[in-house]
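Protein chains: 4
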Amino acid sequence: MEPSRYASYQQQIFRRGLAGELPPFTVEPEGLEESARRRLGPGPFAYVYGPAGAGTTMRANREAFDRWRIVPRMLTKSTTRYLATTVLGTPMPAPVLVAPLGVQSILHPEGELATARAAAELGLTMVLSTMSSFGIEEVAEASGAGPRWFQLYWPNDDDLTISLLNRAKAAGYTVLVVTLDTMSVAWRPSILDKAYLPMLRGTGIGVFFTDPVFRSQLARSPEEDLDAAVAQWDRMLGSAGRAWDELGFLREHWDGPIVIKGVTHVDDARQAAACGLDGVIVSNHGGRQVDGAIAALDVLPEIVDAVGDRMSVLFDSGIRTGADALKALAIGAEAVLIGRPFAYGLGHAGQLGVTHVLRSLLADLELTMGLSGYTRLRELTRDALRHQP
Amino acid sequence: MEPSRYASYQQQIFRRGLAGELPPFTVEPEGLEESARRRLGPGPFAYVYGPAGAGTTMRANREAFDRWRIVPRMLTKSTTRYLATTVLGTPMPAPVLVAPLGVQSILHPEGELATARAAAELGLTMVLSTMSSFGIEEVAEASGAGPRWFQLYWPNDDDLTISLLNRAKAAGYTVLVVTLDTMSVAWRPSILDKAYLPMLRGTGIGVFFTDPVFRSQLARSPEEDLDAAVAQWDRMLGSAGRAWDELGFLREHWDGPIVIKGVTHVDDARQAAACGLDGVIVSNHGGRQVDGAIAALDVLPEIVDAVGDRMSVLFDSGIRTGADALKALAIGAEAVLIGRPFAYGLGHAGQLGVTHVLRSLLADLELTMGLSGYTRLRELTRDALRHQP
Amino acid sequence: MEPSRYASYQQQIFRRGLAGELPPFTVEPEGLEESARRRLGPGPFAYVYGPAGAGTTMRANREAFDRWRIVPRMLTKSTTRYLATTVLGTPMPAPVLVAPLGVQSILHPEGELATARAAAELGLTMVLSTMSSFGIEEVAEASGAGPRWFQLYWPNDDDLTISLLNRAKAAGYTVLVVTLDTMSVAWRPSILDKAYLPMLRGTGIGVFFTDPVFRSQLARSPEEDLDAAVAQWDRMLGSAGRAWDELGFLREHWDGPIVIKGVTHVDDARQAAACGLDGVIVSNHGGRQVDGAIAALDVLPEIVDAVGDRMSVLFDSGIRTGADALKALAIGAEAVLIGRPFAYGLGHAGQLGVTHVLRSLLADLELTMGLSGYTRLRELTRDALRHQP
Amino acid sequence: MEPSRYASYQQQIFRRGLAGELPPFTVEPEGLEESARRRLGPGPFAYVYGPAGAGTTMRANREAFDRWRIVPRMLTKSTTRYLATTVLGTPMPAPVLVAPLGVQSILHPEGELATARAAAELGLTMVLSTMSSFGIEEVAEASGAGPRWFQLYWPNDDDLTISLLNRAKAAGYTVLVVTLDTMSVAWRPSILDKAYLPMLRGTGIGVFFTDPVFRSQLARSPEEDLDAAVAQWDRMLGSAGRAWDELGFLREHWDGPIVIKGVTHVDDARQAAACGLDGVIVSNHGGRQVDGAIAALDVLPEIVDAVGDRMSVLFDSGIRTGADALKALAIGAEAVLIGRPFAYGLGHAGQLGVTHVLRSLLADLELTMGLSGYTRLRELTRDALRHQP
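Protein chains in written order, with UniProt numbering: chain B, 1 to 389; chain Y, 1 to 389; chain H, 1 to 389; chain W, 1 to 389.
Incorrect hints may have been included.
[Said to hold, decoys possible] In silico DSBU-like links for lysine-lysine, alpha-carbon gap of 35 Å or less:
#	chain 1	residue 1	chain 2	residue 2
1	Y	Lys-169	H	Lys-169
2	B	Lys-169	Y	Lys-77
3	B	Lys-77	W	Lys-77
4	H	Lys-169	W	Lys-77
Rather than coming from a laboratory, the hints here were simulated on the basis of the structure.
Turn these sequences into a full structure, and let the hints steer you where they fit.
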């Protein structure tokens, strides 16, 4: 196994600095958000940032990390670090995935294509959203040899669902991520204040508009009658309640691993295991769905303890630094997903911006791991941490 | 029972956004307060905002919600939500009432009339304050078929009290809410700094000035001698201490349900039950009376546990979002009252402003309930929450 | 016993407001500090405000109040409140004293004279500082019939000490308050940054310069040689360590009650009781002496429990509102001392400013007491509170 | 033993104030940082300030002090304070050392020379960094008779290591401080944003460039080929993992006491004791290495308890005030190291600036100790504190 070389990004920044060149934009976690606010303008920024309700869960997600403290070990010869892992059959150079985020063309004209190229450049797995601005196949092509998973917002229509799954399989997406926490979009004040979701319209809804089943359901093509296509899209995605016993349908039409995203109750994780699912992503959608919900990190330990021996547990919601990732991994997550930060990077500078953000996070993670005294992922256990409630 | 359709307000905002129309004003809870500060000017804003003392209880009210976290459930088929309920005989499309607030003409010329129309538009119960700028009957007429309760600041004079009760009954108010925590106005620095209460004078004190008993006690009518009328009003409302054994008087003159408002001590709730009252509203007046008082939400569990099986327990003080309402309901409140937010809405845009605020809160509540995995109010129990002290 | 009429100050402000007259300056606790910062200018403001070190204890003093919450009672007929009490033989209309503060002429030309007049106007006890700008007798004259205590910074010189005690007795000061926590001034950055203590020089050190013993120790009078007088004053007040067994000297030369101020360790309180002292003032000098010291309120309960049955326990450090005072009293303090707020009032408007601040606090206290359901001081026990650590 | 006279710095500031002279710059801990931000400009400021990651550990270091509160004792005759001590054979007038900090010429042209002169002026021990801008011998000469310790970043090359140790011994450095927590520089966003480490290049790396072994390894001298010299330096300091069993090498080549710096895990401290080391410095590098790491003060008690009877335990990370130092000493540290504050002083005004900062801290410490009731260091135990988690 090759050791990681992410830390070299730090050296690269310093070397370029000698030539008078600064990083493309800030690497400070809070500074990045402020910079994105200025760069993107209020509407697109709100699209990424916009928490549900009063933002209490978004903040709670961050504060939960402060209650776990790393206690570094010295003299462990941890100068070489191995971050590579395999999650649900997908080899990963580091336990970090690019989280699904829809309609990325709001942030940059190249949208998901830029993100896919950036992820592929680093060998990271991109999770493509059902709400992608670009079609499943286009993004797969941009991903090239890069690993990719497909995230599903489960449509009301079985034929359309099957079509999406088939297209994803055909395009090389290996794992299906079913998002459960967003049967409808939550009340997100900062987005509502700007009436921002209609911007979706201008940016297109690539996955659907390129789908043969979806198109076959329209009297006229989206190109001819955009309004009717959007209305049909709305109906397809409209809130169809789903139940545990319906998951069999997905299993039937998807032969790879299936993961559910949005789990924060331990009994739901147990149910997922009982249903034979392959994994859960502990997530509260970055505080964008149920405001007042518990911090995702606060439930990670109990979910790992309950089902970690039977299925993959991944973590999403609040990761901003290498230390955050290390804490989630040490608690027991197999990998973590990065959301807002990469989106801010995309908004700053397209593919280059996403790469800059991801490289920074990976460098930070590798350095933090080594400086904490660890060489291999499997050494990261709760013994590396102290809980300070 | 009809499912709720409050969530459609979100869709409506998005649809209007397509036509380039923004919401009338912000739906961000903190933004609303800041916007009201600018819109209303210092005096009227202080009237609504103004906490007692140093504002510690006002802040504590909000912080208490952060100690209860929702733990959403997935795949429960909660796309259809039923929020309708009946509280003390009053059918409510959702367990949300418009809290009593006096002298609303300080905020908008149409004052309580606008609020009554907005509440009626949504079928919500308005609790009319004894200190209404407009007469009991006028507001009832504005309410139309809308449900209405009457809030009593208990005058010193029995004849006047009986007159008020009779008028309220005649005008269709079905429940009597007796506010106990305000035998006099507290020390509210932000109001005092602007010497603001005298503005009451300019706006009139409709309930009293339209009362035959009150008028009969004056040598000259309020129209002829405002000073004397105000002085008499002051005497009538001046701090008459009341005791538990006097509640029988109200029972004698009011044949509908009687609720007391301002209870935060569990023994007071027990006493209320022992007295045969029909309900208590757990409230500290939004932190406007006793600064340093315990957060209202902090005492809700013990009061529900002590008397919830014998009487209605409602909650007031600090509700700003759908998640807040859901938490209070899950702890055991039958319904919640909304104060400052609707008043800010009134100050922004009269009836339309109140409607906008209430629709936003109801949409948020319905969405939060569904996204948390719940379909019916009775499913909301403390199992939906985790307490994180 | 007469009921208190402090709440009428609220009515007075409102009445004056009808005539278009605003309060002389803000009654908001935090606003008062900010207003004083602007009004006084950096030097004099720092003199009053300036905490020790990084200000952590000053802030801790305030935060400690938040951990005690009032749980108001309803329907107790508490419209009439009796605040009068007697502490160490001094009748007080309310359990509130004006804390000792030196060199008040830094804040206003009339300094302690204005403060004495304001206290006397309200019947409150003023505690005159050894470091008063004006002589003991002058201030006594300004106090008139008003009750007064004398605070001692214990000089190195016995003759001078005896002289001060005799003058205080002769001038009608009834209780001796010996401040223990200030054998030297602490490291107070905001004062040091402005090299501010030298301003003492310009304002004179009245108590000493008017003292016959002090003058007899000078070769030339202060009027002739200010430098020498200041140097002598410095020597007299310079840090002479004192021990418990020396307190007998004070008892020998003072026949009234003796109280020590600056106690926060329960063993020191026990020692004080064992020495036969009459009282302790639990205080950390408002966070102006030992930064990092425990909040004064945090030690009040244990000190009350340890010695409250044998001696008077008073409280100082952090009182800003009526609720704060009520909490200290309910925990078991016989009375509280008010420091910075009255000094800010003095800086704003001399005697009128002190009166305004004290009346505001008393009105707030009386209203808070009544609205919490209490009529008499003796009803205020820890049952009125809940501790929320 | 002579009593300390540090408190006189307070008097000196006041005396100078009489002549209209203000302190050279602020003595407020937070103000100092803000002032340095303005004075130094973004790059040099970031060099000193720059925390790892999101700065959570830097802030946690400070917050940990708030959980320990001093409970002062009265009437202990603590007007005379003895701060002198001996740590690992080095006599110290106070238990305070100047922490190692590299490349101080970034902050002031005289860099470590100015710091050495300031430390020597006060008799304090300076810990010279391996990364000093100036050579080991130059700084020793500037130190004169002042005590000095040498901090080692352990090079990859044994000959070079031996050369550094020999030079340090020859130049009068008595204790070897081996920093373990920085085998490579962490991800420090505020430094990376300014690509600031290349500034090292301009300022030279004195210790290495003056080293005969280092020079012998170069084809051309640093004066002739700076790039090659920097590259070689990079290789020498590049991350060679070290293990516990390698410490014997240092013992072999250093006959004085050896201390390791950067320990926060109690088992590492035990291991150090088992290895026969002479001391540990509990430190997380001021939050500059592992963000998310536990606050240094939070682990001090357990490390003192585990190894304090067998080796010297010193403390570093977060000391800003005299109270902070007193708390660390009372918990059981033999001495504390001061980092950022002296560096800010250096940046403000060279030697004078360092002296001003150190004198201020020592005055604060002495005053705090006396005002807390203590005369001698050995009286400072945990009984002086209360832990408030």
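So, going through the hints one by one against the coordinates:
1. Lys-169(Y) / Lys-169(H): Status violated; Cα separation ~68 Å.
2. Lys-169(B) / Lys-77(Y): holds (28 Å)
3. Lys-77(B) / Lys-77(W): violated (53 Å)
4. Lys-169(H) / Lys-77(W): Holds, at roughly 28 Å.
Violated hints, in rising order: 1 and 3; the structure is consistent with all others.
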